[in-house]
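Enquirer: Same order as they appear, the protein sequences are chains A and B. Under this note's numbering, the residue at position 157 of the first sequence is numbered 157, and the numbers go up by one with no gaps. To convert, count from 1 in the second sequence and add 201; that's this note's numbering.
The hints are simulated quantities; they were obtained by calculation from the structure and are not laboratory data. We put the beta carbon where it would ideally sit given N, CA and C, even for glycine. Don't take each hint at face value.
Stated by the list, open to error - Using C-beta positions, here's what the derived DEER-type ranges look like:
1) B:Ser307 x A:Glu72: 38 to 48 Å
2) B:Glu237 x A:Asp41: 55 to 65 Å
3) A:Asp98 x B:Asn239: 22 to 32 Å
4) B:Val240 x A:Lys32: 40 to 50 Å
5) A:Asp41 x B:Lys301: 19 to 29 Å
6) B:Arg386 x A:Glu127: 29 to 39 Å
7) A:Lys40 x B:Leu213: 39 to 49 Å
8) A:Pro108 x B:Thr370: 51 to 61 Å
9) B:Asn239 x A:Thr159: 27 to 37 Å
Stated by the list, open to error - For lysine-lysine, the following DSBU-like pairs were computed, each having C-alpha atoms within a straight-line distance of at most 30 Å:
10) A:Lys50 x B:Lys365
11) A:Lys32 x B:Lys365
12) A:Lys50 x B:Lys313
13) B:Lys217 x B:Lys251
14) B:Lys317 x A:Lys77
15) B:Lys251 x B:Lys313
16) A:Lys8 x A:Lys32
2 protein chains.
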Amino acid sequence: MYRIAIPKGSLLNDSKAFLEKSGISFEWSDRKLLFETNVKDTQVLIVRPKDVAVYVEKGAADIGIVGSDVLEEHRYKTVTLRDLDYGHCTMVVAVPKDSKIKNLSSIPDYCKVATKFPNLARKFFGEQGIPIEIIELYGSIEIAPLTDLSEIIVDLVGTGKTLKENGLTQIETISRHSARLIANRVSWQLYHDRIMNFLNI
Amino acid sequence: MYRIAIPKGSLLNDSKAFLEKSGISFEWSDRKLLFETNVKDTQVLIVRPKDVAVYVEKGAADIGIVGSDVLEEHRYKTVTLRDLDYGHCTMVVAVPKDSKIKNLSSIPDYCKVATKFPNLARKFFGEQGIPIEIIELYGSIEIAPLTDLSEIIVDLVGTGKTLKENGLTQIETISRHSARLIANRVSWQLYHDRIMNFLNI
Chain A
1 MYRIAIPKGS LLNDSKAFLE KSGISFEWSD RKLLFETNVK DTQVLIVRPK
51 DVAVYVEKGA ADIGIVGSDV LEEHRYKTVT LRDLDYGHCT MVVAVPKDSK
101 IKNLSSIPDY CKVATKFPNL ARKFFGEQGI PIEIIELYGS IEIAPLTDLS
151 EIIVDLVGTG KTLKENGLTQ IETISRHSAR LIANRVSWQL YHDRIMNFLN
201 I
Chain B
202 MYRIAIPKGS LLNDSKAFLE KSGISFEWSD RKLLFETNVK DTQVLIVRPK
252 DVAVYVEKGA ADIGIVGSDV LEEHRYKTVT LRDLDYGHCT MVVAVPKDSK
302 IKNLSSIPDY CKVATKFPNL ARKFFGEQGI PIEIIELYGS IEIAPLTDLS
352 EIIVDLVGTG KTLKENGLTQ IETISRHSAR LIANRVSWQL YHDRIMNFLN
402 I
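Excised from the complex, chain A in its bound form:
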């Protein structure tokens, strides 16, 4: 059995399209997570983005598609094969529009930073020499400054619409991200030809 894990959420549709271009299709149903495909002995698994990387690392999926933000935050033991050039977004530092913080140099020491990416945020502010307090959240980061949970947020931004709707403004870009094709280390040896064919779409 050869298994491909793709992520729920914003990368799902582009990932299905990518598989179709590679000759792999399946009958979609939102009640299911595991799908047989038109290709013999090949399954597609749809799980949360972070879980894609876990399935591939542990070998329960041979290859997977996941955002580079997830890969950089957690450093899974997988092989990154290719930048798929979709799902482009940016990790940014943002503050309320009326904040006294206008740029990195006006951030006071031990400022509170809410984020879903504590490792990336800690690394960024560490490199800048700015001491901060990280507050890790699991969703709706944009609400944190409105409730005084934090003065700053670090979050992934696609169009910037969510920031705008919540009265937030970007003061710095940390990094750019997009979807990556990853492989399990052992599968990359075992199924090398098969994966190489898959890459040559």
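Guided by the hints, dock chain B onto chain A, whose structure is given.
Expert: Here is chain B on its own, set in the frame of chain A:
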């Protein structure tokens, strides 16, 4: 400003009903996360379950409602005021129906256990003296044994429907859970009378 955080997801409707019984109502909209209420200077914030505990711990919400599963997994520095007696569910150990594992004593050493609750799972198997490997996932735990990611899962079960639909069967109950009313430690001192009134519904 007095702020109450309640969780998205399975506890949301019962939590809204609980607030209404306590005399706090607001105009619901699924586009918003922060609501003014009929009570002066009182807001309701709707965030993910784990984030409720973070908001209350950090004082961005004075009180909150969250499942005891979340509180026991992460041990936040909050005051637990009351068992709200809704959102009842059970943390269980489950395996595929056709598994050779029929009970705790037939679990082989270093068996893989997929869960969203690594701390609770580690504690439970540690107390039983069963060495296991934890695989932390963020959703859809029930798919892990179907893909050989793990032999066992530890997960929260309400009706047991999801287990059944995925060919899984419960072999052990770890703990029982329900919604809890929690308070920030400082708010509990500052707004003691207000919170006490709230408790005497």
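Enquirer: Which numbered conditions among the earlier hints are violated in the structure presented, ordered from lowest to highest?
Expert: none
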